[in-house]
Amino acid sequence: MNSLELAKQLHAKFGDLLSGPSEFRGEITLGMADAGRIVEVCAFAKKDLGFDYLVDITSIDNYGDDPRWTIVYHVYGLDHRCYLRLKTDVSEEKSELPTVTGVWRGADWHEREIYDMMGIRFQGHPDLRRILMWEGYPYFPLRKDFPLSGKPTALPEVAFTETAPLEGGPFVTKAGAKDAMTREPRVRTPEG
Amino acid sequence: MAEIRDIEVKDNAARSAEAAQALAVPPPRTDELPDIQGERMVINMGPSHPATHGVLRIVLELDGEIITRAMPEVGYLHRGDEKIAENMTYTQFIPYTDRLDYLAPLANNVAYALAVEKLLGIQDKITPRCQYIRVVCCELARISSHLLGVGCFAMDVGALTVFLLTFTEREKIYNLCESLTGARFTTSYTRIGGVSRDTPPGWCAAVRKFLEEVVVNIAEVETLLTRNRIWTDRTQGLGVIPKDVAVDYGLSGPNLRASGVDYDLRRAQPYLVYDRLKFDVPVGSVGDCYDRYLVRMEEMRQSVRIIHQCLDQIPGGFDNPSREPVNISDGKIVLPPKQKVLTSMEELIHHFLNVTQGVNVPPGEVYFGHENPKGELGFYINSKGGGTPHRLKIRSPSFVNLSILSWLLPGHMMSDTVAILGSFDFVMGECDR
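If you're matching them up, the sequences are chains P and Z in order. All the letters of the first sequence, read from the start, carry residue numbers 1 to 192 under our numbering. All the letters of the second sequence, read from the start, carry residue numbers 193 to 625 under our numbering.
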């Protein structure tokens, strides 16, 4: 049993809902047309195809394209030792899809992280709060339209952020520009 | 006259049965507790608490001494590594991987390099000598990380001597790191397609000497802990994670194997030269704190065994007198030798493009999972071509392992939290990224 055969079985069960399977560098990817049916597909993959181990869930921001979000599920079977990647798109207006915490309990923190970093909500998630940033932080920092240097925020008595001094490029010193001593306030001058 | 008694040592089957029995009685749930005298108390553990190994914060709700609810809060060390990765070349990101699991930077370097090489499709072209060096690095990192894990676990539970012993050994690993990479801590040793330099003269012999010393030390730690009554009382039957729950939460590494799941990526998805090496994968039977400790101890011995084999088999021998290549020869991926850059036009162009634009990676996506000391460290790279990733996701084992705490802690005593956290051996730099 290999990943490709398992992917074909999954494809046979759900037909047009799934596209693929495509192969790249020995990894099998299945695309999924309707994000609303993710629970159904995952539950079948876990129960009947033995994908009992959820490796990871993550999201991609296709900024400028429609649909904007891609959610990527990596699942693995401890018995047959095969990986499978499931991808599904979610539009920016909707920004919502059902949670798979009912299938794998480990999905809890992965989904919270996606919500925290990109602002995609998971219907039915038991505890959809921010996880890496603090509660009350107004932005979603892993979106492509969020600047690398950050944005200034202030939540009184909790936390604040300021923009990082990047001087035009990410960690790059421009020719003819101010040197690190003058541009980086944290750097001490030779006099102290 | 005092009576002398033997310490009762239960066999694994008896411990399993006992643990299963204890689990059959569900821990008291918040809504089911019968007539509570007084109120429940909410206390904050962390983010600066010596047992939280960094900046983990757990909000505990207590009924007397018993935990009724636990809410782990992470993110105090969040630096946005994934965002930073989208804004720099693949090679520039290597130093950031040092700072994920900062107790095993060499293993992180190797994991990241392997992920990018998989995306480039060059993983079969990595030179044999480089593959062996990388395995030695990974296993040294595993010993270093487990020594710290066991040492801190024992210290948290009250056995300070163990901590001093293991730290003496870790110091030797740092010395080896220093002579190999130039840095003790932030090694940044690998490059896409190779490593930053070959082993220095005498290094392999020094590793061999270290291995002989460390097994003595591991044995000494074993005599201090394994049959120590205080230690076993404090760890056995505590924090039991059954097999199915461990898999459901996606635990990995020693924490998963202690629960009896035989899942080691070095064995399940062999990479580098692990399929040519003989080693055992230790698996626990109960899934308690004691098993997690035992698995780590045995993994260190297996790592010693792996490094011995690597040193026997390494192409080119100890100091590489036959000049076996370490890096692949493709100048579009690895920086050409400096002498050639200064004298030859083609190499100069390769050097210039490699430094300014980075390695040109084809569009596509890969996931590579690496058996790190803490568990499965995975890199998912989504590329649209060019020198920078479109999305780089780090699947960090500590993050996933910690997500089980809200299930595991309720029903335990407040003071047992320290032992359970110690047995998990997590690192917040990796958890928060």
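Please note that the accuracy of each hint is not assured.
Computed cross-link-like contacts, PhoX-like style, restricted to lysine-lysine with a CA-CA straight-line distance of at most 25 Å [what the hints assert, rightly or not]:
no., chain 1, residue 1, chain 2, residue 2
1, P, K87, Z, K576
2, P, K94, Z, K275
3, P, K46, Z, K435
4, Z, K275, Z, K576
5, P, K144, Z, K275
6, P, K87, Z, K275
7, Z, K576, Z, K524
8, Z, K317, Z, K532
9, Z, K275, P, K151
10, Z, K530, Z, K317
11, Z, K310, Z, K364
12, P, K47, Z, K435
13, Z, K576, P, K144
14, P, K87, P, K151
15, Z, K576, Z, K317
16, P, K47, P, K144
17, P, K87, Z, K310
No wet-lab data here; the hints were simulated from the structure. This one's a predicted model, so the numbers in the text were calculated from it and none came from an experiment.
Hint check:
no.: 1; hint: K87/P x K576/Z; in the structure: holds (16 Å)
no.: 2; hint: K94/P x K275/Z; in the structure: holds (24 Å)
no.: 3; hint: K46/P x K435/Z; in the structure: holds (16 Å)
no.: 4; hint: K275/Z x K576/Z; in the structure: holds (16 Å)
no.: 5; hint: K144/P x K275/Z; in the structure: holds (9 Å)
no.: 6; hint: K87/P x K275/Z; in the structure: holds (21 Å)
no.: 7; hint: K576/Z x K524/Z; in the structure: holds (18 Å)
no.: 8; hint: K317/Z x K532/Z; in the structure: holds (22 Å)
no.: 9; hint: K275/Z x K151/P; in the structure: holds (14 Å)
no.: 10; hint: K530/Z x K317/Z; in the structure: holds (22 Å)
no.: 11; hint: K310/Z x K364/Z; in the structure: violated (33 Å)
no.: 12; hint: K47/P x K435/Z; in the structure: holds (17 Å)
no.: 13; hint: K576/Z x K144/P; in the structure: holds (14 Å)
no.: 14; hint: K87/P x K151/P; in the structure: violated (31 Å)
no.: 15; hint: K576/Z x K317/Z; in the structure: holds (23 Å)
no.: 16; hint: K47/P x K144/P; in the structure: violated (36 Å)
no.: 17; hint: K87/P x K310/Z; in the structure: holds (20 Å)
Of the numbered hints listed earlier, those contradicted by the structure are 11, 14 and 16.
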